[in-house]
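Visitor: Below, each chain spelled out in residue letters.
Number of protein chains: 2
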Amino acid sequence: MSQIEIFKSALDEEIESYAYGTHPLELYEPIRYLMHLQGKRLRPMLTLLAAGMFTEDWKHALKPAHAVEVFHNFTLMHDDIMDNAPLRRGSPTVHAKWNTNTAILSGDVMLVQAYELFLNSPEGLLPKILKRFNRTAAEVCEGQQLDMNFETRQEVSIPEYIEMIRLKTSVLLGYSLELGAILGGAEDTSIRSLYEAGVNMGLGFQLKDDLLDVYGDPERFGKQVGGDILANKKTYLYLKALDKADEDTRQELLVHFGKPAADARAKVEAVTAIYNRLGIRDITEELIRSYFEKALKAIEGLPVEEDRKVHLLGFAEYLMNRDK
Amino acid sequence: MSQIEIFKSALDEEIESYAYGTHPLELYEPIRYLMHLQGKRLRPMLTLLAAGMFTEDWKHALKPAHAVEVFHNFTLMHDDIMDNAPLRRGSPTVHAKWNTNTAILSGDVMLVQAYELFLNSPEGLLPKILKRFNRTAAEVCEGQQLDMNFETRQEVSIPEYIEMIRLKTSVLLGYSLELGAILGGAEDTSIRSLYEAGVNMGLGFQLKDDLLDVYGDPERFGKQVGGDILANKKTYLYLKALDKADEDTRQELLVHFGKPAADARAKVEAVTAIYNRLGIRDITEELIRSYFEKALKAIEGLPVEEDRKVHLLGFAEYLMNRDK
Chain A
1 MSQIEIFKSA
11 LDEEIESYAY
21 GTHPLELYEP
31 IRYLMHLQGK
41 RLRPMLTLLA
51 AGMFTEDWKH
61 ALKPAHAVEV
71 FHNFTLMHDD
81 IMDNAPLRRG
91 SPTVHAKWNT
101 NTAILSGDVM
111 LVQAYELFLN
121 SPEGLLPKIL
131 KRFNRTAAEV
141 CEGQQLDMNF
151 ETRQEVSIPE
161 YIEMIRLKTS
171 VLLGYSLELG
181 AILGGAEDTS
191 IRSLYEAGVN
201 MGLGFQLKDD
211 LLDVYGDPER
221 FGKQVGGDIL
231 ANKKTYLYLK
241 ALDKADEDTR
251 QELLVHFGKP
261 AADARAKVEA
271 VTAIYNRLGI
281 RDITEELIRS
291 YFEKALKAIE
301 GLPVEEDRKV
311 HLLGFAEYLM
321 NRDK
Chain B
1 MSQIEIFKSA
11 LDEEIESYAY
21 GTHPLELYEP
31 IRYLMHLQGK
41 RLRPMLTLLA
51 AGMFTEDWKH
61 ALKPAHAVEV
71 FHNFTLMHDD
81 IMDNAPLRRG
91 SPTVHAKWNT
101 NTAILSGDVM
111 LVQAYELFLN
121 SPEGLLPKIL
131 KRFNRTAAEV
141 CEGQQLDMNF
151 ETRQEVSIPE
161 YIEMIRLKTS
171 VLLGYSLELG
181 AILGGAEDTS
191 IRSLYEAGVN
201 MGLGFQLKDD
211 LLDVYGDPER
221 FGKQVGGDIL
231 ANKKTYLYLK
241 ALDKADEDTR
251 QELLVHFGKP
261 AADARAKVEA
271 VTAIYNRLGI
281 RDITEELIRS
291 YFEKALKAIE
301 GLPVEEDRKV
311 HLLGFAEYLM
321 NRDK
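One line per chain: the protein sequences are A and B, in this order.
At position 193 of the first sequence (counting the first as 1) the number is 193 in the numbering used here, and the numbers step up by one without a gap.
At position 212 of the second sequence (counting the first as 1) the number is 212 in the numbering used here, and the numbers step up by one without a gap.
Worth flagging that the hints you see were computed from the coordinates, not collected in a lab.
Hints may be right or wrong, so weigh each one.
[To be verified] In silico EDC-like cross-links for lysine to aspartate or glutamate, where the CA-CA straight-line distance does not exceed 20 Å:
hint, chain 1, residue 1, chain 2, residue 2
1, B, Lys240, B, Glu269
2, A, Lys131, B, Glu123
3, A, Lys128, B, Glu123
4, A, Lys240, A, Glu151
5, B, Lys128, A, Glu123
6, B, Lys259, B, Asp83
7, A, Lys297, A, Asp307
8, A, Lys309, A, Asp188
9, A, Lys297, A, Glu285
10, B, Lys131, A, Glu123
11, B, Lys309, B, Glu187
12, A, Lys40, A, Glu5
[What the hints assert, rightly or not] Chain B side only, calculated, beta carbon under 8 Å to chain A, not exhaustive:
hint, residue
13, Glu26
14, Ile81
15, Ile104
16, Leu111
17, Leu119
18, Glu123
19, Ala137
All values reported here derive from a predicted model rather than from experimental measurement.
A virtual CB, placed ideally from N, CA and C, is assigned to each residue, including glycine.
Chain A extracted, bound-state conformation (with noise of 0.2 Å):
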């Protein structure tokens, strides 16, 4: 196995053997129900990735980790309610399935079950983590309510987008790398490094989200393609049309993102004809490679052997190169 499916098992088995709760059975039961959606794992991966670039026993990392994770998904668990989506990993999602309550609750209790599974690191590190971790909760809060208010808002510009998804989105991945980095006992500098990285990773990551779903294959993406043009989601891609065009393809663009659509296929069509006039998807390609590219310098630049960092240099090779 490669040292990427070796933590992929470990955490797959860390995260199904782990029963978070017994009674009452509608309080606990949604929280597996969502852990067990098998998502991409991707931030439980970083912090192992991280922490075993410092140090070969990585397997202390592995609950700290899983509260990410456990974190991670209590954030997607509030969101689904307040984003009234129904499908999560193409499965119900936990208040379509329950209901909004019972979402809220079981939400409620994943995020202490997140703080106990923090309990599991070294004594000596767990104020510095949890400082951290509370940082970066709240910013991941803030992020969310930054994006739901977006959704009212006439004008947002594009520093302004690119500071909301990075609260909403990137902060985390830094923070996953970062623990990983202090659970390893990195350097400070090395630990700033990583959240750096992974800040950079994330968004990358997010703006290939955004990119993914206008251009991505609908076989691959596993999503419908163009559901943030026809849901007038204000992606970056949308923000750099408007920022580019002229008055009367800004009118237009306006106009299609000003209500639902009549036909969805011609929405998503024209708005997409719009992009690619405007060079919208070269655009938004060269900005996630500098943000990668940012990312991978910080990684190159640690003070650790370089065939410690082939794992976690190819593992953002692959965020990057994603087309799913």
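Following the hints, put chain B in place on chain A, whose structure we already have.
Guide: Quick look at chain B alone, frame taken from chain A:
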């Protein structure tokens, strides 16, 4: 100032000077709103009273005590959504004043803030404080889930009801005292005794709430008398009445609690008349007294000088005898 007044004033200053966060405003304003609605501050008061029994330096317990109050208010913010409650302490609830999504997300960040405040505990005590807090927080969620389950269940036994209020309300009072004892440097046996004292106090406290809902002076209690009866809530008074009633009275009660009231005042009067006939008031008062007496006994048995116990004993008696 009395000891209680000194604690109350220190708590008010601690809580009112704390910002929780700044940006975006929509996320943090509801936290300040709810925290400043001036509840009884019962739980952090218990923490300070317990700490003050073992140390002169009760001030280092202020921020952890604040953490408990933030956690308690987080549960109120989310419970009010689940219970569809329009008012809290006479003011609009957060989801009513803002909206449900804001109440979910502000509540989430409050739970994170509670953990952040706990980080102001002495480092050596942190794992123990958090371990016990996590257990308590999960139990409070379990209690809320049971409470919701009971709404739609036909039969609820009195032991099941007591277990539900133990989880939903009492364990947090137990934890509040336990936390103070830990921070005050108490021995494990004293820590456990104070936890038990707090749980018994909490059971007495919740049953007193059930009682005041029917027999409280509306001018003093500040809530609509008979609110639980109108909401068809399966309180201790109702369950005990079902238990004691002959078959005809039992059917009468079941009919009253099986449907919304056509005439609210008539319903409250009819149910109260049944309670009176069955002597439910005396039975409930007796049970409340027995829980508080267990609490007082546990406090009296602590291995500290008598004059260190008087403030907490006095506070417990005040809770036992409150009429609002």
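Visitor: Can you give the numbers of the hints that this structure goes against, from lowest to highest?
Guide: Nothing - there is no hint that the structure violates, so all of them hold.
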